[in-house]
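Visitor: Line by line, the protein sequences are chains X and R.
The letter at position 121 of the first sequence is residue 114 when you use our numbering, and the numbering goes up by one with no holes.
Adding 342 to a residue's 1-based position in the second sequence gives its number in our numbering.
There could be a bad hint or two in this list.
Stated by the list, open to error - Rough simulated footprint, nothing fancy, chain R against chain X, three-plus residues with beta-carbon under 8 angstroms: (1) 168 to 182; (2) 209 to 220.
To be verified - List time: in silico EDC-like cross-link candidates among lysine to aspartate or glutamate, alpha-carbon distance up to 20 angstroms: (3) R:K409 <-> X:E183; (4) R:K410 <-> X:D184; (5) R:K345 <-> X:D184; (6) R:K345 <-> X:D167; (7) R:K409 <-> X:D184; (8) R:K345 <-> X:E168; (9) R:K385 <-> X:D167; (10) R:K465 <-> R:D442; (11) R:K405 <-> X:D184; (12) R:K386 <-> X:D23; (13) R:K385 <-> X:E168; (14) R:K385 <-> X:D184; (15) R:K386 <-> X:E183; (16) R:K386 <-> X:E194; (17) R:K410 <-> X:E183; (18) X:K228 <-> X:E194; (19) R:K345 <-> R:E438; (20) X:K142 <-> X:E68; (21) R:K475 <-> R:D464; (22) X:K248 <-> R:E394.
Stated by the list, open to error - If you anchor each label on the Cβ, the simulated ranges turn out as follows: (23) R:S432 <-> X:D261: 58 to 68 angstroms; (24) R:R430 <-> X:K228: 56 to 66 angstroms; (25) R:N447 <-> X:I166: 31 to 41 angstroms; (26) R:D374 <-> X:N247: 24 to 34 angstroms; (27) R:F443 <-> X:R235: 37 to 47 angstroms; (28) R:V503 <-> X:S192: 27 to 37 angstroms; (29) X:F208 <-> R:S372: 35 to 45 angstroms; (30) R:E496 <-> X:F208: 31 to 41 angstroms.
Source of the hints: derived by calculation from the structure; they are not laboratory data.
Where a beta carbon is used, it is the ideal one built from N, C-alpha and C, also for glycine.
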Amino acid sequence: MTDTEKLLQLKNLLLDEDRELAQKILQKLDELQHTIDTKPELAEKVNPIIDDKLKVFTEEIPGKLGPTIALALEEQIKNSQEQVVNILFPIIGKMIKKYIASEIKALSDSINAQINKTFSFKRYTVKIKSFFTGFGQTEVMISEMAKSKVVQVYIVEKGSGLLLGSFSKQNTIDEDMLAGMLTAIKSFGEDAVQTGDQSLELIEYEFYKIYLKNFHTYYVAMVISGIFDDVFKNKLEDDLFRFAKKQINPNIQNKAVLNTQLAHFFKDA
Amino acid sequence: MLKSKKIVLVGHFGVGKSSLIRRYVQNVFSDDYFVTVGVHIVKKVVQVNNQELTLLIWDIEGKEDMKKLRPSFLLGTSGFIYVLDASRPSTYEILEDELDFIRTNYPKTELVTVANKIDLVDKESFIATLGEKAPWITHFSSAKTGECVELLFEKLAHTLVQ
Ligand SMILES: Nc1nc2c(ncn2[C@@H]2O[C@H](COP(=O)(O)OP(=O)(O)O)[C@@H](O)[C@H]2O)c(=O)[nH]1
Ligand SMILES: [Mg+2]
Chain X
-6 MTDTEKLLQL KNLLLDEDRE LAQKILQKLD ELQHTIDTKP ELAEKVNPII
44 DDKLKVFTEE IPGKLGPTIA LALEEQIKNS QEQVVNILFP IIGKMIKKYI
94 ASEIKALSDS INAQINKTFS FKRYTVKIKS FFTGFGQTEV MISEMAKSKV
144 VQVYIVEKGS GLLLGSFSKQ NTIDEDMLAG MLTAIKSFGE DAVQTGDQSL
194 ELIEYEFYKI YLKNFHTYYV AMVISGIFDD VFKNKLEDDL FRFAKKQINP
244 NIQNKAVLNT QLAHFFKDA
Chain R
343 MLKSKKIVLV GHFGVGKSSL IRRYVQNVFS DDYFVTVGVH IVKKVVQVNN
393 QELTLLIWDI EGKEDMKKLR PSFLLGTSGF IYVLDASRPS TYEILEDELD
443 FIRTNYPKTE LVTVANKIDL VDKESFIATL GEKAPWITHF SSAKTGECVE
493 LLFEKLAHTL VQ
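Turn these sequences into a full structure, and let the hints steer you where they fit.
Guide: Set out below in structure tokens:
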């Protein structure tokens, strides 16, 4: 082979390779064109990439953009409080209404259960009452429940918080400890306010109240269920003064006598 | 005569007032520290001279100075238990002032002084470091081991009925 021949052969070889490469590239381009032209095939390739990016995006957005969004929202709420209230009002209103409705239903259910449980005699009286008053049986029961009643009475020595006498329509927690804690709460409140001769008079809970009346060396705590209004309070005070004069003062050192007298006096109050 | 008495435990934070009461009333001990907020009252009925005596034990939050205590919590007390921590000298640095304060303001009230956490120190050397304060301490107790706890309350209960 001459040198020229050799050179030619080499050229062919190289060119062939060139041609092959060009061919391959063209083929790829064709495929690509095809993929782009036919969407589903493109989606098949591109979707995983988008998904990946989206995942990163959603992972990062709360940290990166969250504060900005919150700030913007806050600003917006600040600037248009009324609008926000208007939007929220019906939603909250509905929630409250629903809650109250379910509570009333629960109450009415429990009253109905109570009606079924109590003596038939009592049921008749309620029925008669509701017949005459024109209210439903349940409504009459609700007003019965709301009637104020003295449920428990404690006579407690001031300072020491020691129990001098007590009366309870239902069994409760340890009365000695209760008297002590009441005294602590009472004196804590009175220390905290410190406006001279003021004393704590009423502790209110959801379904009952504790009415406190001071005497010289002791105070009387009465647990009251139902509505506690001025009429009831005045009557209670009168009763209490009468009872204190007649029974507490002479029997202050005698717990057993006090307990009997308390039960006698308050069993129907 | 009333068959119940009010007892109040006083002393700095963390000396073991609540622990002493828990050991005495429930016979338990815990290494965890629950800060007493306000006041907690427990009851224990004891036999004294074949008669029942109800102790109402007031556990009030610790203060580094008796004068800072709510006076109304101390009214009507029959017996004070002044507690100090044998392992922390700062809890008995002003012991004399504290005891004087109680005796002056509550002259009719019984008073016992207790060095608690005695399990953490060597009793003899503790007494030695107390020096002139040593005679003021009436009991050396440990709420952890129970040492002297029952004795302390019962002795006080006895003095209260006399
Ligand atoms: N080693 C030991 N630790 C005690 C003793 N009494 C109380 N403690 C611990 O001391 C801490 C404070 O006790 P506490 O009764 O709450 O103190 P208070 O603030 O005086 O009521 C708690 O971690 C207890 O476990 C004791 O006798 N020995
Ligand atoms: Mg405590």
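Visitor: Against this structure, judge whether each hint is valid.
Guide: Hint-by-hint comparison with the structure:
1. 168 to 182: Since 7 is at least three, the answer is holds.
2. 209 to 220: Three-residue rule not met by the stretch 209 to 220 of chain X, so violated; n is 0.
3. R:K409 <-> X:E183: holds (18 angstroms)
4. R:K410 <-> X:D184: holds (13 angstroms)
5. R:K345 <-> X:D184: violated (28 angstroms)
6. R:K345 <-> X:D167: holds (16 angstroms)
7. R:K409 <-> X:D184: holds (15 angstroms)
8. R:K345 <-> X:E168: holds (14 angstroms)
9. R:K385 <-> X:D167: holds (9 angstroms)
10. R:K465 <-> R:D442: violated (25 angstroms)
11. R:K405 <-> X:D184: Cα-Cα ~17 angstroms, so holds.
12. R:K386 <-> X:D23: violated (96 angstroms)
13. R:K385 <-> X:E168: holds (10 angstroms)
14. R:K385 <-> X:D184: violated (25 angstroms)
15. R:K386 <-> X:E183: Roughly 28 angstroms between the alpha carbons, so the hint for K386 (chain R) and E183 (chain X) is violated.
16. R:K386 <-> X:E194: Violated. K386 (chain R) to E194 (chain X) sits at ~30 angstroms, over the 20 angstroms cutoff.
17. R:K410 <-> X:E183: holds (16 angstroms)
18. X:K228 <-> X:E194: Answer holds: K228 (chain X) to E194 (chain X) is near 16 angstroms, not above 20 angstroms.
19. R:K345 <-> R:E438: violated (32 angstroms)
20. X:K142 <-> X:E68: violated (53 angstroms)
21. R:K475 <-> R:D464: holds (17 angstroms)
22. X:K248 <-> R:E394: Given that 20 angstroms is the threshold and the Cα spacing comes to 14 angstroms, the pair holds.
23. R:S432 <-> X:D261: 58 to 68 angstroms: holds (59 angstroms)
24. R:R430 <-> X:K228: 56 to 66 angstroms: holds (57 angstroms)
25. R:N447 <-> X:I166: 31 to 41 angstroms: Given range 31 to 41 angstroms: holds, Cβ gap about 32 angstroms.
26. R:D374 <-> X:N247: 24 to 34 angstroms: violated (44 angstroms)
27. R:F443 <-> X:R235: 37 to 47 angstroms: Since the Cβ atoms of F443 (chain R) and R235 (chain X) sit about 43 angstroms apart, the hinted range of 37 to 47 angstroms holds.
28. R:V503 <-> X:S192: 27 to 37 angstroms: With a Cβ separation near 32 angstroms, V503 (chain R) and S192 (chain X) satisfy 27 to 37 angstroms, so the hint holds.
29. X:F208 <-> R:S372: 35 to 45 angstroms: With a Cβ separation near 41 angstroms, F208 (chain X) and S372 (chain R) satisfy 35 to 45 angstroms, so the hint holds.
30. R:E496 <-> X:F208: 31 to 41 angstroms: With a Cβ separation near 34 angstroms, E496 (chain R) and F208 (chain X) satisfy 31 to 41 angstroms, so the hint holds.
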